[in-house]
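Top line first, the protein sequences correspond to chains A and B.
All residue numbers for the first sequence refer to my numbering, where the first residue is -14 and numbers rise by one.
All residue numbers for the second sequence refer to my numbering, where the first residue is 67 and numbers rise by one.
Incorrect hints may appear among the rest.
Cβ-to-Cβ under 7 Å is the rule here; a few derived chain B residues that face chain A [stated by the list, open to error]:
hint, residue
1, F91
2, L96
3, I104
4, S114
5, L115
6, V116
7, V121
No wet-lab data here; the hints were simulated from the structure.
Cβ coordinates follow ideal geometry from the N, Cα and C atoms, glycine included.
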Amino acid sequence: MGELLAPAVVFGYLGVAAVIGILAGRRSAGGATDFVAGERAFGPLVMYFVMGATVFSAYALLGTPQRVIAKGSDAFYILAYGAVGFAPLFFFGARVRRIGAREGFVTQAELIGARFGSRRVTALMGAATLVAFLPYMVIQLKGAGIVMEAVMGWPPLVGAAVVYAVVTGYVIVGGMRGVGWTNVVQGAAMLVVVWVLGLTIPERLFGGVEAMFDRVVAERPEWLVLPGPASAPTTPFQYSSEVLVSILGFSMWPQVFMKCFTARSARLVQLTAVVYPTFLLFLVPLLLLGYAALLLPGAPTDENVLLWLVSRPELGGAEGLTFAFVSFAILAASMSTGDALLHGGGSILVRDVLVGGLGWDLDERAQTRWMRGTILALGVIGLALLAVADRISVVDLLLLAYAIPIQFLPPVLAGLYWRRANRRAGEWGLGLGLAAVVVLFAASLAAPGLYAALNPLGLQIGVIGVVINTAAIVLLSLLTPPMARSHLDRFEVP
Amino acid sequence: MSAEARRARRWTRLAVVYFVVVTAFLVWPLYPALGNTIAPRVLGLPFSLVYVLGVIVLNTAVLFGLYRARVIDAGEVEDDPPAGEGGAGG
């Protein structure tokens, strides 16, 4: 085995993913609705892994141990927001699934745009989503690049391009079905690999999880509670705002929301929200691995820490089974999020921006062709951004990415639950919220002095946007007449 | 509105209130006051982590109860295929 083990596992896996994705797509009827929503046919098993694997990205795998070693217990924020983040989906997911099936919606922007009777809302949501997707895409590509560099010694850009050639291939051929069935494999693999390693590595290095934490308590106790290490402190207030913003935005991410439309039944959407925390518990071993690295001398504090840990000689080195399987798990995490972003981006550009927003007259087959072209283009743009990622900061772009989905919350909730909310309110609320985010983001980059004056408390820019957005929706809905009763009845469930 | 629909509505509101309250336990000022300590340790894990994991378990139990009791979207028909196909999947 030896030095060929990791490459064999990685390439074997890429081959399996490609075959599954393509075979799954051959069962498709070929229309755009099937390409986007898999004919709403996913059962519990596929649905579960689609949700879990989509949410847990290469960022979770590489970033969770890294956050532990850099910031200590601040890393628990991801568990804290996950504890509540899926609950909103339980409440509105079934309703969205039923309205979607009855009225033929397959994207979030279609549903909300139709509720407000506004093409502008559909187009705005679609375009904003694409902007929010790109930094996430770059992070998945970066994860794939890091793995291929560690395993093959290739430059990250080349490695990312090879992996994403496979991903783009099965998304284009397989559509949502391809994404779904590959996610089952990817999700199951990630769960098993990460749990096995999270328990065995502390055992092999320190004699067990308890013994490992005994040492952390003795040597690095500040890493176990807020505010964390003096080198990168997090105040309880900052921690709380991270948790709250993430809870509010979580269920609004279009690739998460969209999955409400792919479930076979409305009850199933609720069931997915119920069992979701089992995927959340998958972060616990990653936290353990972060603490394991913390106790070892010379651990890096960047996203290479996980691969550094598992390539240590006492764990078998870079030729060992542990290294091979971690590489595989990171790749699975990158691909299972990346494929959902590519698929979601293609669906959203065509259905929301071109057809729903700009009114292009495309039949189902033409839409599918356009989606495939868009998916390819998104893959290429992602790689191009990765190539210049040294010059533009992905962290900066993430600031913008986080602020966007929260702006969908007021129109989604008002649209689903408040009959008074009308077209003008939806358009102005969403428009002003997004405009505030863009202006603040631009100011933070180009005019820091102006930004400090506009945002004296240093709030997350999405929070400022959402306050303006909500105020506009509430005020305009109360001041202007409601929409026709017959229109509103389309968005009620009996 | 039927008695059943009123009951469902009351439960839905209670559930929403529950999730708002439980969120408060995860952030300032309740989390720093109640959860942000190393001891008592459970199975070796620090309490700061056990506290958050406890909330996850509690929320899962509550969501499962709400799902079984069918109180949210009470009119929802069971359009799943017959039992035995996949189960909870997790």
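We went through each hint and held it up to the structure:
1. For B/F91, the shortest C-beta to C-beta distance to chain A is roughly 10 Å, which exceeds 7 Å, and the interface hint is violated.
2. Proximity of B/L96 to chain A is violated relative to the hint, the smallest CB-CB distance being about 10 Å (cut-off 7 Å).
3. Satisfaction of the interface hint for B/I104 is found here, the shortest Cβ-Cβ separation to chain A being roughly 5 Å, below the 7 Å cut-off.
4. This hint holds: B/S114 has a C-beta 5 Å from the nearest C-beta of chain A, less than the 7 Å allowed.
5. With 7 Å as the threshold, the beta carbon of B/L115 comes within range of chain A, its nearest partner Cβ sitting at about 6 Å, so the hint holds.
6. Of the supplied interface hints, the one on B/V116 is violated, with its beta-carbon coming no nearer than about 10 Å to a beta-carbon of chain A, more than 7 Å.
7. Proximity of B/V121 to chain A holds as hinted, the smallest CB-CB distance being about 5 Å (cut-off 7 Å).
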